[in-house]
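There are 2 protein chains.
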Amino acid sequence: MIAESDGMAQRRAIAKAITLLESTRADHRAQADELLTALLPRTGNSFRLGISGVPGVGKSTFIETLGLLLIGKGHRVAVLTIDPSSTVSGGSILGDKTRMERLSVHERAYIRPSPSSGTLGGVAEKTREAMLVCEAAGYDIVIVETVGVGQSETAVAGMTDMFVLMQLPNAGDDLQAIKKGVMELADLVVINKADIDKDAATRAQAQITSALRLFGHQGNPEHAHAVHDVHSGAEVRFWLPRVLQLSALAGTGVDAFWDAVMQFRQLQTANGKLARRRERQATAWMWERIDAGLKQAFRQHAQVRELLPQLTQQVAEGSLPASTAARQLLAAAAITARP
Amino acid sequence: MIAESDGMAQRRAIAKAITLLESTRADHRAQADELLTALLPRTGNSFRLGISGVPGVGKSTFIETLGLLLIGKGHRVAVLTIDPSSTVSGGSILGDKTRMERLSVHERAYIRPSPSSGTLGGVAEKTREAMLVCEAAGYDIVIVETVGVGQSETAVAGMTDMFVLMQLPNAGDDLQAIKKGVMELADLVVINKADIDKDAATRAQAQITSALRLFGHQGNPEHAHAVHDVHSGAEVRFWLPRVLQLSALAGTGVDAFWDAVMQFRQLQTANGKLARRRERQATAWMWERIDAGLKQAFRQHAQVRELLPQLTQQVAEGSLPASTAARQLLAAAAITARP
Chain S
1 MIAESDGMAQ RRAIAKAITL LESTRADHRA QADELLTALL PRTGNSFRLG
51 ISGVPGVGKS TFIETLGLLL IGKGHRVAVL TIDPSSTVSG GSILGDKTRM
101 ERLSVHERAY IRPSPSSGTL GGVAEKTREA MLVCEAAGYD IVIVETVGVG
151 QSETAVAGMT DMFVLMQLPN AGDDLQAIKK GVMELADLVV INKADIDKDA
201 ATRAQAQITS ALRLFGHQGN PEHAHAVHDV HSGAEVRFWL PRVLQLSALA
251 GTGVDAFWDA VMQFRQLQTA NGKLARRRER QATAWMWERI DAGLKQAFRQ
301 HAQVRELLPQ LTQQVAEGSL PASTAARQLL AAAAITARP
Chain E
1 MIAESDGMAQ RRAIAKAITL LESTRADHRA QADELLTALL PRTGNSFRLG
51 ISGVPGVGKS TFIETLGLLL IGKGHRVAVL TIDPSSTVSG GSILGDKTRM
101 ERLSVHERAY IRPSPSSGTL GGVAEKTREA MLVCEAAGYD IVIVETVGVG
151 QSETAVAGMT DMFVLMQLPN AGDDLQAIKK GVMELADLVV INKADIDKDA
201 ATRAQAQITS ALRLFGHQGN PEHAHAVHDV HSGAEVRFWL PRVLQLSALA
251 GTGVDAFWDA VMQFRQLQTA NGKLARRRER QATAWMWERI DAGLKQAFRQ
301 HAQVRELLPQ LTQQVAEGSL PASTAARQLL AAAAITARP
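Residue numbers (my numbering), protein chains in the order written: chain S, 1 to 339; chain E, 1 to 339.
Calculated directly from the structure, the hints in this document are not laboratory data.
Honestly, I wouldn't trust all of these hints.
Any copy will do: because identical chains look the same in the list, a pair fits if it lies in one copy or spans two.
Simulated crosslink set (SDA-like; lysine to any residue; CA at most 25 angstroms straight-line) [as the list claims (entries may be wrong)]:
hint, residue 1, residue 2
1, 295, 281
2, 273, 259
3, 295, 29
4, 273, 319
5, 16, 274
6, 16, 111
7, 273, 56
8, 273, 105
9, 273, 317
10, 198, 10
11, 295, 307
12, 73, 45
13, 273, 7
14, 273, 309
15, 73, 37
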């Protein structure tokens with residue numbers, strides 16, 4: 001029998017903590033809040049990297065290659081997943097396959113699949129909390145991945161320091177990303193499988209670069225924008241989104257990718273944008289949870305449950321003004337707001 | 001002294017009703033709800049046309065030309081405005097100028113400027129209600145216009161049967177519209193001032209048409225998509241967004257614009273999409289007002305007001321988990337939701 005390593009024991013402890021956080025029992029939730037508050041002083045020291053891409057773009061292969069590279073550099077890597085398909089169907093695009101076989105057995109890596117039920121907001125909350133647990137446990141790189149369906153990209157971009165969009169060397173893909181507003185979230189776009197069709201990858205790179213420019217990112221050859229601070233006169237540089245080609249399977253371009261991530265981290269730390277991004281994310285998260293809680297309590301209110309079907313019907317068929325129905329339902333829930 | 005016409009008396013009555021709807025006094029609000037409920041059976045018979053465009057695109061000139069054309073065809077035309085700038089600054093991009101001089105004095109027209117204060121949600125609510133008053137008063141075309149700043153386009157598209165985006169014959173403009181997701185809302189795009197630079201207008205028309213196609217609208221030469229109903233086998237046609245050139249000042253292209261609007265109306269009435277759009281709009285409006293009411297009541301709660309500044313600070317600086325703060329605040333407001 002092989003002696004259990006420290007790594008394995010720690011991963012079990014993390015898994016147990018995350019399971020507690022994911023529990024819906026009220027007493028567990030109270031314990032979870034205590035645990036989180038206790039862990040909080042030890043969190044925040046990792047770099048939080050979000051990665052999104054459509055199914056088949058090669059996220060798992062890329063994350064495994066990247067994770068092993070980072071472990072080789074002395075990092076400890078946690079990989080968390082948000083799978084929006086599980087919130088709708090109970091099934092999962094990502095969850096069932098055996099993925100990242102080499103990374104998952106490494107003692108300096110921790111991989112956690114997506115919480116398997118609840119709303120996207122609920123799944124995102126559990127993932128944010130799992131991220132804090134991983135940070136407190138000493139993982140200094142946390143990767144949060146999601147498939148590019150639904151609104152999960154916004155959730156991932158809203159909980160990470162840097163958001164990376166993975167694309168195939170295939171025109172059209174990028175237009176979908178533009179349409180859904182995902183391109184605007186991207187700090188970095190990587191074109192994977194660039195070795196399969198170099199010409200297509202280069203066309204896609206040019207196309208996406210030009211789309212990023214047109215959408216207000218004014219680039220310069222160094223992909224960083226220098227301005228002078230109005231107070232000190234010192235030069236301040238800002239990150240500008242860029243597009244890289246790589247092949248996760250062949251392992252080419254992954255080093256250059258990580259160099260770009262580290263340049264982003266240095267720049268945004270120096271200019272203060274990383275700290276402000278985390279502040280904004282934390283308060284936005286608080287309000288998102290408040291909104292969800294308010295709406296849930298409202299829908300569970302006995303009088304609302306009684307009135308809602310009928311009033312909704314009347315509003316839909318045009319026999320009751322929507323604003324009047326809203327006021328009647330709010331009054332039924334004993335909620336009155338000054339206008 | 002000129003005898004007051006019926007038109008003038010009626011417009012005064014409408015103005016009085018809308019003023020009541022816009023009042024923030026609780027007793028007025030109760031009266032307003034009664035009024036709306038009483039009017040509702042007489043509403044819904046107009047065609048609701050949303051028009052959006054950046055300042056300077058020529059909305060007023062266009063609406064005046066169109067309004068006079070429609071009056072000439074026997075219609076009665078109401079024009080309502082949502083000005084998002086007034087909700088932020090109290091000032092107004094649209095409100096102060098003397099606009100639509102010929103249309104505003106016509107007895108078969110009614111023009112109402114934007115409600116001048118409140119959140120965008122509140123302004124949109126007042127405008128929706130004003131629309132119902134105008135419909136009950138017999139205006140069979142209601143035009144709701146907004147400037148293309150802020151989220152007001154979404155509000156206007158969410159209360160009208162057809163949403164028209166006005167553009168200048170100027171590349172780049174459309175990319176902003178794509179970026180902000182406004183292009184996807186558009187049922188029709190018009191390029192105004194096409195007479196000033198015909199070449200630029202034609203380029204813009206081709207560019208926007210191709211953008212609309214790439215974004216999933218598969219066009220055919222008739223700009224309408226024919227499918228066969230799975231049950232009856234009958235041909236059902238759907239509207240496909242199109243791009244028209246016109247000159248509001250010269251009056252050219254405005255007839256063709258109205259023909260397109262009427263084709264849209266016939267098609268979407270026949271295939272049932274117009275009715276479903278109104279149903280969706282009404283229930284979405286109800287939920288929007290409920291959300292706004294819940295959040296407002298929450299923020300006004302004494303315990304929340306006391307705790308919020310400190311907890312927000314702790315969340316922003318990372319000393320309190322956002323989800324814990326949310327739960328504490330919800331508990332303080334005596335709101336508990338089952339997880």
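Tested hints:
Taking the closest pair of Cα atoms, residue 295 and residue 281 come within 25 angstroms of each other both inside a single copy (21 angstroms) and across two copies (19 angstroms). In this assembly of identical chains, the alpha carbons of residue 273 and residue 259 lie at most 25 angstroms apart only when taken from the same copy (19 angstroms versus 51 angstroms across copies). For the identical chains of this complex, residue 295 and residue 29 are neighbours both inside a copy (19 angstroms) and across copies (24 angstroms), given an alpha-carbon limit of 25 angstroms. For a Cα distance limit of 25 angstroms, the shortest separation of residue 273 from residue 319 across copies, 19 angstroms, qualifies, whereas the shortest one inside one copy, 51 angstroms, does not.
For a Cα distance limit of 25 angstroms, the shortest separation of residue 16 from residue 274 qualifies neither inside one copy, at 30 angstroms, nor across copies, at 52 angstroms. Taking the shortest alpha-carbon separations for residue 16 and residue 111, only the intra-copy value of 13 angstroms comes in at or below 25 angstroms, while the best inter-copy value is 64 angstroms. In the homo-oligomer, the alpha carbons of residue 273 and residue 56 never lie at most 25 angstroms apart, since the shortest distance is 33 angstroms inside one protomer and 35 angstroms across protomers. Taking CA atoms no more than 25 angstroms apart as the test, residue 273 paired with residue 105 passes in neither setting, with 35 angstroms inside one copy and 54 angstroms between copies.
Taking the closest pair of Cα atoms, residue 273 and residue 317 come within 25 angstroms of each other only across two copies (14 angstroms); inside a single copy the shortest separation is 49 angstroms, beyond that limit. Proximity of residue 198 and residue 10 under a CA criterion of 25 angstroms is satisfied in neither setting, with 43 angstroms inside one chain copy and 70 angstroms between copies. When the C-alpha separation of residue 295 and residue 307 is checked against a cutoff of 25 angstroms, the pair qualifies both within a copy, at 15 angstroms, and between copies, at 21 angstroms. In this assembly of identical chains, residue 73 and residue 45 lie within 25 angstroms of each other by CA distance solely inside one copy; the values are 17 angstroms within and 69 angstroms between copies.
In this assembly of identical chains, the alpha carbons of residue 273 and residue 7 never lie at most 25 angstroms apart, being 34 angstroms within a copy and 59 angstroms across copies at closest. Taking the shortest alpha-carbon separations for residue 273 and residue 309, only the inter-copy value of 23 angstroms comes in at or below 25 angstroms, while the best intra-copy value is 47 angstroms. Taking the shortest alpha-carbon separations for residue 73 and residue 37, neither the intra-copy value of 31 angstroms nor the inter-copy value of 69 angstroms comes in at or below 25 angstroms.
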